[in-house]
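Student: Could you put the whole structure together from the sequences, leaning on the hints where they help?
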Amino acid sequence: MRLTRTTLALLTAATTVTTAHAQGSKTITYLTPQLETQGYTKTILDLSRAYSQQHKNVSVKYQNVAQTGLAQQLQLFAASNNLPALFAIDQPSLLAQLQQKGQVVDLEATFKKLGLLDKLNPAAVTLQKKLGGGKLVALPLEMNIEGFWYNKKILADNGIREPRTWDELTAAAAKLQQKGVQPFAASGDQKWPLTRLIGGYVARKYGADAMDRVRAGTLKVTDPGFVEAVTAVADLGKKGYFGQGVSTIDYDTAMNTFLQGKAAMFYMGSWALGNFNDAKQNKIGANNIGFFNFPTVKGGKGTANDWSVNTGLVASVSSKQNDAALQDWMKYVFGNFGNKAFADQGLITGFKVTQQPKNVPALTAMVQKKISGVKNPYLWFEAYFSPKATTIATDNVQPLVTGDLSPQEYLQQLQAALK
Amino acid sequence: MERTLRDWRAILIFVGPALLLYTLVLLVPIIWSLGYTVYEGSPIAGFKFVGLTNYQRLFDDPTFLKALWFGTKYALFVSAGQVILGLLLALLYAFYLKRSSVLVRTLVFLPVVLPTVAVAQMFAKLFAIAPQYGLVNSFLHGVGLDQYVQAFLGSGASAFWVIGTMDIWKAMGFYAILLYTGLVDIPEETIEAARLDGAQGWTLARFVVLPLLAPITVASLIFSLNGTLKVFDSIVALTNGGPGTATTPLTLYMYKTSFTYGEYGYGSTLALTLAVQCLIVTLLIFWRARRAESR
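Those protein sequence lines, which keep their order, are chains A and B. Here the first sequence stands for residues 0 to 418, numbered as in numbering that gives the first Met the number 0. Here the second sequence stands for residues 0 to 294, numbered as in numbering that gives the first Met the number 0.
Hints are not guaranteed to be accurate.
Simulated pairs of lysine-lysine, DSS-like, Cα-Cα distance not exceeding 25 Å [claimed, not checked]:
#, chain 1, residue 1, chain 2, residue 2
1, A, K118, A, K387
2, A, K129, A, K387
3, B, K124, A, K387
4, B, K47, A, K418
5, A, K387, B, K47
Here are some, though not all, of the chain A residues that point toward chain B, as calculated from beta-carbon distances under 7 Å [as the list claims (entries may be wrong)]:
#, residue
6, P386
7, N395
8, Q397
Simulated from the structure, these hints should not be mistaken for laboratory data. No residue lacks a Cβ here, since even glycine has one placed at the ideal position from N, Cα and C.
Tutor: Okay, here's the thing in structure tokens:
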């Protein structure tokens, strides 16, 4: 009890809420697990600095939170009606609650008013609205496609073709392992990179609508296809394909393992293009990176034309902070966001790119083409889960891949949380 | 004095402000939290009266039982380590190092003032396996014990020992000082007299020093157990309860239940069980100490 209170008090005290001071100055707080210097957060902060130079009374305060603690922190802020002006949010069910309580801004209306609506990519808006119960309550700051990125040289050196089926993938992994190459880089500390594999397998087994059917109640996660999927992923872990101590590997370590050529394959979303296109981080060379869709599985309904697509780590705007000053800032920042993110880092966002830079990195161009060609998108494994089911799915994946939890138990606990 | 205590106005002036503050910041939230145990929901989703459902749920919640067991096991191991090592250190300061113990005392006390997050980071690096071996794995590799090289924080069983070791290392200096002050208080004559009677080494410690030190040892044990039963920060910083829920004590489970799952009612019920557990442990120690005293 003491803990609960102390935490609440501390967090409330620690929040520097966006405050409009007597002199008319405004501090806009932006809460995100992304690093200041990476991804779209860099773009937002760069644009904000430019804005602040013209508007001395407006400043943006960047606040970082670990992704594993993001949902918790947002719940605490929301409980005291004290959400930061702009905040990243990674759980659609939590966002839905915030929307019901009227704590987040309806961005379609606001963007329409600000004349920004045509800046958004309609496909991203559709995807986002699907998650938000028909409303646009979060900004699609990314537009991602997910799959396996691979080190072309390592695969070629070992005589391995781009795997098309799950059997080919595991055969490739076995061969690499035998040659002393770590087959996959994965962050088990973040947990979701591992559950993504379960989601991918399930989508291949039952088809792209697998998780929609779970939501509708026509499929249960304890059904045989899920057992097969979870067993397949657990096997990758048990065979050591993720390297040593996978559940202690954080996101950056996994990324570096791949970008320093110490692992052959890396399941990741295209938001990582920023890292891939950065020569300082990428030691294997951008031309050396290939990309393939989640492999098909035996007897599965899903095909290689179904892609895992999402708007990534979205961000919402607090309705309490939504005043004229914030809207003016939004108009500037999100009016220029799509072009700048693309020009500076080659990021593909849910915003239109109206000025094509001359030198588009090859990887970015490839991803852009893939995204625009997607016919059958599906969302990630936990997209429709409650915060509790999400936590159980992600927490338990760690003992699953180390063999400390059986696939059946994993799914039983998940099914219980989904009720 | 007695007249002052009979004057209710004086009492009101002396005790009133403190009592008011105590009521506001301590009693009200406790009662509030107790009230939550018969409700379910969260400030975002709203609350609903559920009666005793939350209490029933405790009994068929495997995660609760697992967390309760982990917390108890952890508290017993860490408290024993903290107090026993603290006691040994105190004896070392008082009887062996004597006046020159200042430097050692300071060094052993140093971890107490370090922030837990920093200590946890250090231990995470010490026991790391990837991207590079940490000190421990490097050492094992260096002396040819490669079969013991492992992800210490990647499995529940070994993570338990790492967290336990860290918390013992971090707090033993505190208990050493606490017990040392008790040792210093034992009159020199008593020790001399025992020595003249032929008591030495273990006999001296067992029959003279330890019984005289008992009140402070009991206090240390209560302090320590109440701290370790409510462990939170070191686990969050080191493993965040993982892998899976293998190192999740009640506090962390309660925190997740309330603030991630949005189940404030069940979270409060878990908090209550923790409070009851602390109370039972404290009463048990008191009762044992009383009985030992009266013998």
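Student: Indicate, hint by hint, whether the structure satisfies it.
Tutor: Now for the hints, and whether the structure bears them out:
1. K118(A) with K387(A): This hinted pair is violated, its Cα atoms lying about 35 Å apart.
2. K129(A) with K387(A): Holds: K129(A) and K387(A) sit about 21 Å apart, inside 25 Å.
3. K124(B) with K387(A): 31 Å, violated
4. K47(B) with K418(A): 18 Å, holds
5. K387(A) with K47(B): Distance ~18 Å between K387(A) and K47(B) Cα, so the pair holds.
6. P386: 5 Å, holds
7. N395: 5 Å, holds
8. Q397: 4 Å, holds
This entry does not satisfy hints 1 and 3, going by the numbered hints stated previously.
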